[in-house]
Amino acid sequence: MRVHQLLIAAALGLGALGAQAQAAAAAAPTVSAEYRLGAGDVIRVVVYQNPDLTLETRVSESGVISFPLLGHVRVGGRSISSAERLIADGLMSGNYVKQPQVTLTLLQVKGNQASVLGQVNRPGRYPIETADMRLTDLLATAGGVAGTGGDLLVLTGTRNGKPFRQEIDLPGVFSAEQNRANDVLIQNGDVLWVERAPLVYIYGEVQRPGPMRLERGMTLMQVLAAGGGLNQRGTERGIRVHRKGADGKVQVIQQAMDDGVKDGDVVYVKESLF
Numbered sequence: 011m012r013v014h015q016l017l018i019a020a021a022l023g024l025g026a027l028g029a030q031a032q033a034a035a036a037a038a039p040t041v042s043a044e045y046r047l048g049a050g051d052v053i054r055v056v057v058y059q060n061p062d063l064t065l066e067t068r069v070s071e072s073g074v075i076s077f078p079l080l081g082h083v084r085v086g087g088r089s090i091s092s093a094e095r096l097i098a099d100g101l102m103s104g105n106y107v108k109q110p111q112v113t114l115t116l117l118q119v120k121g122n123q124a125s126v127l128g129q130v131n132r133p134g135r136y137p138i139e140t141a142d143m144r145l146t147d148l149l150a151t152a153g154g155v156a157g158t159g160g161d162l163l164v165l166t167g168t169r170n171g172k173p174f175r176q177e178i179d180l181p182g183v184f185s186a187e188q189n190r191a192n193d194v195l196i197q198n199g200d201v202l203w204v205e206r207a208p209l210v211y212i213y214g215e216v217q218r219p220g221p222m223r224l225e226r227g228m229t230l231m232q233v234l235a236a237g238g239g240l241n242q243r244g245t246e247r248g249i250r251v252h253r254k255g256a257d258g259k260v261q262v263i264q265q266a267m268d269d270g271v272k273d274g275d276v277v278y279v280k281e282s283l284f
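For what it's worth, our numbering labels the leading residue of the sequence shown as 11, then goes sequentially.
Since the hints were made in silico from the structure, they are not lab data.
One or more hints might be untrue.
Said to hold, decoys possible - Once the Cα atoms are required to be at most 27 Å apart in a straight line, the calculated BS3-like pairs of lysine-lysine come out as:
1) K259 x K280
2) K108 x K172
3) K259 x K272
4) K108 x K120
5) K254 x K280
Unchecked claim - Taking CB as the label site, the calculated pair distances span:
6) G154 x G220: 32 to 38 Å
7) G134 x T168: 17 to 23 Å
8) T140 x E246: 44 to 50 Å
Each residue gets a CB set at the ideal place from its N, CA and C atoms; glycine is no exception.
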């Protein structure tokens, strides 16, 4: 009987250890994928205690470098650690260096780049320095969305040899419901476009006429409030919304104060007759 109890206790102990191991594995941080060298990248290769093998060069369009004693070495598409091992193995197998210690340093990132265009603070081309660079990382590198930028982003590029296009709602990237599913991985050659923020125009008898940013779910009352409200000559009965239809013709609409407005709407406030 006692032996049976000991076996049960041992089984329970092993189960607890297994559960702890699984919990530790789940809590462990995910290791980031390494950057892979691309054409145009500038690298420096150093072999410990062999200064004559030090090389600073650019990866060719075919992903090849010319290394002393080894000749052409294809490093394109390899991670830095993989390229180090490749060079070390070549030196060892050729009996050039007995136990080579190779260090490869990435000096300039030119092979993997993505572009950010549209309403951002610093549009341009930026290097993809890590293999797990996300959309939000690229956007932050470009200085974030400008004051004139909207919430809609468009990412284009190539995936699996086919054209790729995805529209992304920026606030949705940070929502708990979507769990950042739209914070997609950036790949070489991607182009991120930031749309202009939607605008609504107000003129007539208001305090501050002119264009203004249309916030999500904005009502006619909120538009009037953003314009400083009616002046002494304005009247709520004289408010009209001019909206362009699908056919390109402008319609004049009389809306309630809690009705929503749309991008491009023109709100006109008439003068009171009394």
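Which numbered hints turn out to be false for this structure?
Violated: hints 2, 4, 6 and 8.
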